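S.K.: Sequence:
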Amino acid sequence: MRRIVVRSSPVHGRGVFSRANIRTGSLILEYKGKLVSWKVAQRAYARSGAEDGHTFFFDLDDGRVIDGAQGGNSARWLNHCCAPNCEAEQEGERVFIRAIRPIKKGGELFIGYQLQVEGHRTAAMKRTYACHCGSAECRGTMLAAA
Numbered sequence: 003m004r005r006i007v008v009r010s011s012p013v014h015g016r017g018v019f020s021r022a023n024i025r026t027g028s029l030i031l032e033y034k035g036k037l038v039s040w041k042v043a044q045r046a047y048a049r050s051g052a053e054d055g056h057t058f059f060f061d062l063d064d065g066r067v068i069d070g071a072q073g074g075n076s077a078r079w080l081n082h083c084c085a086p087n088c089e090a091e092q093e094g095e096r097v098f099i100r101a102i103r104p105i106k107k108g109g110e111l112f113i114g115y116q117l118q119v120e121g122h123r124t125a126a127m128k129r130t131y132a133c134h135c136g137s138a139e140c141r142g143t144m145l146a147a148a
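Counted the way the working numbering counts, the sequence shown spans residues 3 to 148.
Among the hints, a few may not be true.
[To be verified] Simulated crosslink set (EDC-like; lysine to aspartate or glutamate; CA at most 16 angstroms straight-line):
id	residue 1	residue 2
1	Lys107	Asp63
2	Lys34	Glu110
3	Lys41	Glu93
4	Lys107	Asp64
5	Lys36	Asp61
6	Lys41	Asp61
7	Lys36	Glu110
8	Lys34	Glu91
9	Lys106	Glu91
10	Lys34	Glu120
11	Lys128	Glu95
[What the hints assert, rightly or not] FRET-style restraints, in silico, Cβ to Cβ:
id	residue 1	residue 2	range
12	Asn75	Val42	17 to 25 angstroms
13	Leu37	Lys107	18 to 26 angstroms
14	Ser28	Gly136	32 to 40 angstroms
15	Val8	His122	18 to 26 angstroms
16	Val42	Arg96	27 to 35 angstroms
No lab work stands behind these hints, which were simulated from the structure alone. Given the structure is predicted, the values throughout are model-derived calculations rather than measurements. Idealized CB from N, CA, C, for every residue including glycine.
Can you build the whole structure from these sequences, using the hints too?
M.R.: Right, here's the structure in full:
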């Protein structure tokens, strides 16, 4: 039995949910997709017509991106939370999702996006990257602290 399932999320669109209790420190899944440069990823985003800032990109330390929209798996549906229960660990060009606290069966899995954007943070940009996690620690944004 798979330990996770993708279904509708009360936070945003689709989300990843546990099908069993998951212990702190458990490796849950790998973020998969096609490895591309940021330049290629930006062109793909521009062509997609996405207006809400929604992508399946996971940036790597070396400047490349895993594009979960191309050959990706369930990990691309992980939603953001300001009080995440999972974290991403990069090992070379691979990214693994690990539980940082216990997750009960049926609970949604979250990571902290800490999105980086260039330029001045306008009101429109803040609306685009608004957080709706509802946690007591909610910062109101998926953007990294300025």
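S.K.: State for each hint whether it applies.
M.R.: Against the structure, the hints come out as follows:
About 32 angstroms separates the Cα atoms of Lys107 and Asp63, which puts this hinted pair outside 16 angstroms; it is violated. For the hint linking Lys34 to Glu110, the alpha-carbon distance of about 19 angstroms lies beyond 16 angstroms, and the restraint is violated. Simply put, Lys41 and Glu93 have alpha-carbon atoms about 22 angstroms apart, too far for the 16 angstroms limit, and the pair is violated. In summary, the hint linking Lys107 to Asp64 is not supported, as the alpha carbons are separated by about 35 angstroms, beyond the 16 angstroms threshold.
For the hint linking Lys36 to Asp61, the alpha-carbon distance of about 12 angstroms falls within 16 angstroms, and the restraint holds. Only pairs whose Cα atoms come within 16 angstroms are accepted, and Lys41 paired with Asp61 is accepted, the gap being roughly 12 angstroms. As the CA atoms of Lys36 and Glu110 are separated by approximately 25 angstroms, the hinted pair breaks the 16 angstroms bound. Distance restraint check for Lys34 and Glu91: the Cα-Cα separation of roughly 13 angstroms lies within the 16 angstroms cut-off, and the hinted pair is therefore satisfied.
Between the alpha carbons of Lys106 and Glu91 the distance comes to roughly 21 angstroms, so the proposed pair goes past 16 angstroms and is violated. Note on Lys34 and Glu120: the hinted pairing is violated, with a Cα-Cα distance of about 25 angstroms set against a maximum of 16 angstroms. A C-alpha spacing of about 30 angstroms is found between Lys128 and Glu95, which places the hinted pair above 16 angstroms, so the restraint is violated. For the pair Asn75 and Val42, the supplied restraint of 17 to 25 angstroms holds, since their beta-carbon distance comes to about 20 angstroms.
Distance hint check: the CB atoms of Leu37 and Lys107 are about 33 angstroms apart, inconsistent with the given range 18 to 26 angstroms. A beta carbon spacing of about 24 angstroms between Ser28 and Gly136 contradicts the range 32 to 40 angstroms that was offered as a hint. A C-beta distance of roughly 35 angstroms is found between Val8 and His122, which places it outside the suggested range of 18 to 26 angstroms. For Val42 and Arg96, the hinted distance range of 27 to 35 angstroms is not satisfied, since their beta carbons lie about 19 angstroms from each other.
In summary, the structure is inconsistent with hints 1, 2, 3, 4, 7, 9, 10, 11, 13, 14, 15 and 16 from the numbered list given earlier, while agreeing with the others.
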